Amino acid sequence: MLIGVGDYEVLEPLPAVRNNLAQLAELLKDTTVWGLPADHCAVLYNPQTSHEVLDVVHEAAALARDAFVVYFAGHGLISAQADLHLALPGSDPGRLYRAVDYGLLRHELVDTCSASSRVAILDCCYSGRALQGTWGRYPTWQTRRGRRAPI
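All you need for my numbering is the position in the sequence shown, starting with 1, plus 53.
Derived from the structure by calculation, the hints contain no laboratory data. Mixed in with the good hints there might be a few duds.
[To be verified] DEER-style ranges, computed between Cβ atoms:
id, residue 1, residue 2, range
1, 90, 132, 35 to 43 Å
2, 146, 87, 35 to 43 Å
3, 87, 65, 30 to 38 Å
4, 148, 86, 35 to 43 Å
Values in this document were obtained by computation on a predicted structure and should not be read as measured data. All residues carry an ideal CB built from backbone N, CA and C; glycine is no exception.
My request is simple: use the sequences and hints to build the entire structure.
Structure (structure tokens):
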């Protein structure tokens, strides 16, 4: 699942995001790199609402069995409580309700997805805030081999 926002109404545009998504999708589908089937590599560019993002992530997470990767490229914003929000085209620091609350996306990774490997790659400012959350300072989940791994 590749998500990117390059065009913003208020925040500075990030024109490289479009090409980054396209090139990353091609690499993931390349049989010499990963060989991911095309129908397993969803790309969402400039989604307008958090519902649009979370619905697609939810559907992909529910279907994933072996590995599930969510990649986001765009601006990151933080709330007054220091929670991470992934900015969408209409987002700005004063309107966080127009962004994706990372806690909701993390819920899809942890609770909806049953894949044995789950990875979130955040190419945005404040991405380190993703380590904060309801699981304490460094959220973890139990892996099949009994080891704990960060999400």
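Looking at the structure, which of the earlier hints fail to hold?
none
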